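Two chains, each in its own frame: build the complex with the hints.
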Amino acid sequence: MGKERISNGTDTMPPNGYIRRQASRQVSAELFDISCKVMLIGDSGVGKTCILVRFKDGAFLSGSFISTVGIDFRNKVVDVDGTKVKLQIWDTAGQERFRSVTHAYYRDAHALLLLYDVTNKASFDNIRAWLGEINEYAQEDVVIMLLGNKSDMGGERVIRIEDGERLAKEYGVAFMETSAKLGTNVDLAFMAVARDLKMKKTRKPTDPKFNVADYVNQEKKTGGCCSS
Amino acid sequence: MAEGKEAEQVSTSDSDQADFIEPETPVEIKNSMLVTTDSYEHIDYQDLESPVYDSHPSGIIHAIVRSGSVEESTDTNDEELHTQCEESNEDASSNELSSKEISDVTEEVSKPEVPELNSAEFDEDDVQTPEWRNQKKHVFILSEAGKPVYSRHGTEDKLVTIMGVMQALVSFVHDNGKDALRCIIAGEHRFVFLVKDPLILVGVSRGQDSTQQVLLQLSYVYNQVLSVLTYSTLHRIFKQRRNYDLRRLLSGAEKFLDNLLNMFDSEPSFLLGAVECLPLDSVIRDMIAQSIVQHAKVKDLVFALILANNKLVTLVRMKKYYLHPMDLHLIINLVNASESFKAAESWTPICLPKFDSSGFLQAHISYLDESCQTCLLLLSVDRESFFTLSDCKNRIKDRLLKYNGLKAISDSLTRTSYSIQQCGISDLRHFLYKSRSTAQYTSPELEAPYLSQEEQERLFGLYHYLHHRIHTTARPLKILYSVGPHETLLGWITQGFELYAVFGPLVTKPAAIHAINRLLRWIKKEEDRLFILNSVTF
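Residue numbers (full-length UniProt numbering), protein chains in the order written: chain A, 1 to 228; chain B, 1 to 538.
Among the hints, a few may not be true.
Covered stretches of chain A, as calculated for chain B (at least 3 residues, CB under 8 Å) [to be verified]:
no.: 1; region: 61-68
no.: 2; region: 72-83
no.: 3; region: 188-194
Bear in mind the hints are in silico, worked out from the structure with no lab data behind them. Remember, predicted model here, so these are calculated numbers, not experimental data. Every residue gets a Cβ at the ideal spot worked out from N, C-alpha and C, and that includes glycine.
Here chain B stands alone, though its shape is the one from the complex (with noise of 0.2 Å):
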């Protein structure tokens, strides 16, 4: 981000400049807890190729185990002892599906349901329809044998053909001269492709999405994909047999990836590689955080954390170890895109990508509250641990309930986020702020005239188009300023923070800069409610 690449598309001339005081960074950081390396401007082309984003890390759950189970090696020992001996030692987890065991699912049970084909209908492919062709965003995973495994629009059985064409442009690309195909632009649609050996992804989108934009998609959907089967699972299957039909493994895993897609076009966090926190009063935020320490003491837990509709009230952590944004992105996916846990404890395998891609952590899931609101997540890497860990819930809600803990957060629900009116600017309409240290953000809520479905839609355009101006590999900005028909953009990236804020068409450029200004004491001086300063751990 240096500052002389502001080149004269800064619409800002340099005695302006003078008025963006960069102020010390807002949010002051004692230590972080998620880890914040590789934020959206490094997930660009070369870093994709780059071994360093595509590095799976794998591992970190077998040494947890094993440090963890010195004392006690002869119980694990006897209950693993016929999946450890056939699994290399990275593979972390003997969860995973044995070889023997895929074939034998293969031969033994029979397909999974395919409608039944009539030649009618079967000449009918989705692609015809024109409620298919309407469709403003779509995204395909295929396997690299161009088997179909995942469509977000239509069935997959009745896009076998235009995946086959995906497929060829691909490996037609990469036959000639060993290139890589990375986007097609046709007319307003935007094709990109995303090639992680053995599968390919593809995103098509007629919106404001960048390329880059439906890239990082494109990761998330694919991390999803190995939060289910797990890397080392993934390459495992195809390895064995090139064209295998994933669907198989992934039925009932739609619903997530579905899910993923629905809330990148509602939620910003995804966009700017970051989680919103629900407010609260920092003493009850450590209140909460507490009594987490102190009642899930249990070796092989590494994360703990509490959610309320899609925001953190409090994550635990085990020393050493962090979560990155993404994976917590796909934790917070996992709880809004099942109905199922709701209705009783649950136990669930969870992969985390970027905490480690080749096994699975368990997951203790459940709600604290009547109206299944606050949901408690226990990350642990002991399959066995799940009476410990019920009980640990069990004692968890009583300290909650004790000292109001459940109500304090069910309160800052109801009252939905804070309004715009509290920073008491007035020319303000909306923002997004961006704590990079912590990768958190904190976002009003949305008012007139963003109520309804296509203004919102709309100001989530302006703000891509303001991310993908200021983030774009080819010339990143610091400031942007841009006037528009219906309100005024600013954008501002410093060390510390982004800034995306939206203004009334009608506002000054010196007027945008003086609120700006104000807004950011004022997130200085909420900045303990709003964000978790400091991470706790076990």
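For reference, chain A alone in the conformation it holds in the complex (with noise of 0.2 Å):
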């Protein structure tokens, strides 16, 4: 089982977790219960590191854009009904040039949030090639969330919500728009990922089976309001 190889992967890493290298300097020496890996994908210039830095900081990086190169790494733990999930987030970089390096780590990915820009055309033609790739290099089970992301902008999209859930429908993958600006949906992409997987290791046989994209679907919010 893939859950497996992913738990064995942590036990690489130092008791007392990884260190951060934030302004308060806080070590998040957190204990957890399940951990996880989870690869943000998508075309270069969508929004990953944003969504990642909105949910792990609450922040938005406004400015310059600042392009990843290879994969950046950060963890965070968060709480299920009491249950800690650790979340390791692989920031991937968006750039034709890294793919065949970054799909080399979606084996051992729990969970893959695949981004397009709702302003961008040619990011959301691409998730048909990106979904490809996925079914050819990751986990079977893995959970995959398609996230149609700079919800704000609404004067310059070009990509409708339609689109997105049609697309969604047709693979069978869990949908949202989110806008990393405004926060709007972003905790809730992240969140859904570690129900899922929670779900999946404590689950008794008789319990209904959670479906990532039904919970979504009933929690999402499809304004731009930002109360999250």
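Here it is as structure tokens:
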């Protein structure tokens, strides 16, 4: 099973966890019950790093575009109904030359957050190619979540929310629109992943199966509201 | 560097020569960590075409992986099975693009966004704008099919025509008697060509740069491309599709090329083929190196180094393997050009062409301090070792904090090198001193009168001139004393060092020689603070 592998991977972590280099220099020595690996993928410039920084630090990276080189790594421990889930988040570079490097890491990912930019048609058109790669390299039971980012940029939008929904339906993946700038649905995306993992780990055979897509549909906000 | 070649151009009489007491090499080397085999003077036309220079080492990464994986062969085998079997054994890394991917990607992914060209815009080539024409230096990369790959200034799309002309010139000369186009001089412009199948690199300079110096820059630019793609991938792509648009694979890497060329204009390290070390007390430097040795004893870790403000703090290497200065410059450029490493721990593929041009090393890159000045790089051949190295990094950091290593580094950075006054030589304004056996150099802070941008550029031009005069292949010199309108220059090459010194205009020759000898004594005294004298291995 893939998940055994994931938890094995964490055995190599130092006992006291990874030291975050934040201004406060807090040590995330938090204990956790389960750990899982999440990867952010999608074309260059769709906002992968921004989504992650919003989730992790609650901030928005405004100003100039800093493209990721290779893969950046961050940790965050979240609480799902009393269970501590550690998300190891791999933030990949979107450029074509890194693809062959990054898809080598799909294999042991528990969840893939696949992003496009609602103001950039090419990034949406490439989603099919991305899904093809995921199919080829990722585990079968990987959680895939399609995110249409920059939903706050109403004026420049070229991809309607229905387009995203249709594509997600076609491939049977969870979908929502997000805004790293306003924070819309950002926590939900990561929390849904954490919840799915927790359910997989703790579900008794008699319990109903957890469906991320349904959960997301229930919880997501569709407006541009930022009350998260 | 034969003595007899000084000839009459050397404006030192025999009696003066006696004053140049050739000292024992000021920097004594126990064993060097940087390879110094092809320093600048070897990069000339003969050697650019010789197989030795043009060699693209390959297979080293593979060898390390193989030697390390004997006991864990099952582990790696099952992971790399699908890639290993379809690649020749020269391809050390399975990180590379397979041919299928390239063609897939070509079909599936839509073209990179080319700015919409309306006809009015299209007519106005960048070439016509005065801004573009007045640039001091241009560097172009194109494919042998004539497709634009990169231009330092302007957008490649709008330079299609001029790149076509360059390609035509190169292939015309090539077809006529199998000759190679090397340089065109037109007015004050110098066009230098470097053909590195499947790429053509062209440098255009209006400055002081000599043909050789431009050629050296082009070699660096070519190596930067390899560093991003690997030699094997570059060749495979063009073997498959001669008209491939390489910009697709280089997108996002333009900043490395831009930054490299900018550094070239402001850092003497490229010209000298040497690196600058952060001045540190040798006891502290040893402690830092030992922290790495003790806490990063990891199988498959080839190089571990700490950089601070583009200067080398320490380098630890695997026994048997050396880091070439050219490769180290590419590493420095990678760190210098990327903001993204400051945000999180990073795991990045990098090809070091002089180490192994056929595959990637994986670099774990992280900053050790809050202010993001001290950068630790751990270069491994194992793609799966991120968490192991992350762990090493934490332990190294803890130890450096405990023993004040990080504080020593940041103190040295705030002192910003040293003042020329510290040498205690009144007429001397500035100098570059390269220790040839270690491929390291030292140089004082830029002080008055070299504070403004223009003055710094002028000083740099003087060094280029001096360097060129001394190293010119037609007539290499050992000593050159040159009096200019604003300053007097003295260059001196021996077995052990290269020294380029700048004096005030009124200095006399005996005074300059006296000063140089005092300077050498000063460097000798300070050498274990200014240079890394012994190399540390895992």
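Hints and how they fare:
Only when three residues or more bring their CB closer than 8 Å to a CB of chain B does the claim for the region 61-68 of chain A stand; here the count is 3, and the claim holds. Here the region 72-83 of chain A counts 3 residues with a CB under 8 Å from a CB of chain B, which clears the bar of 3, and the coverage holds. Only residues whose beta carbon comes within less than 8 Å of a beta carbon in chain B count, and the region 188-194 of chain A has 0; fewer than three means the coverage is violated.
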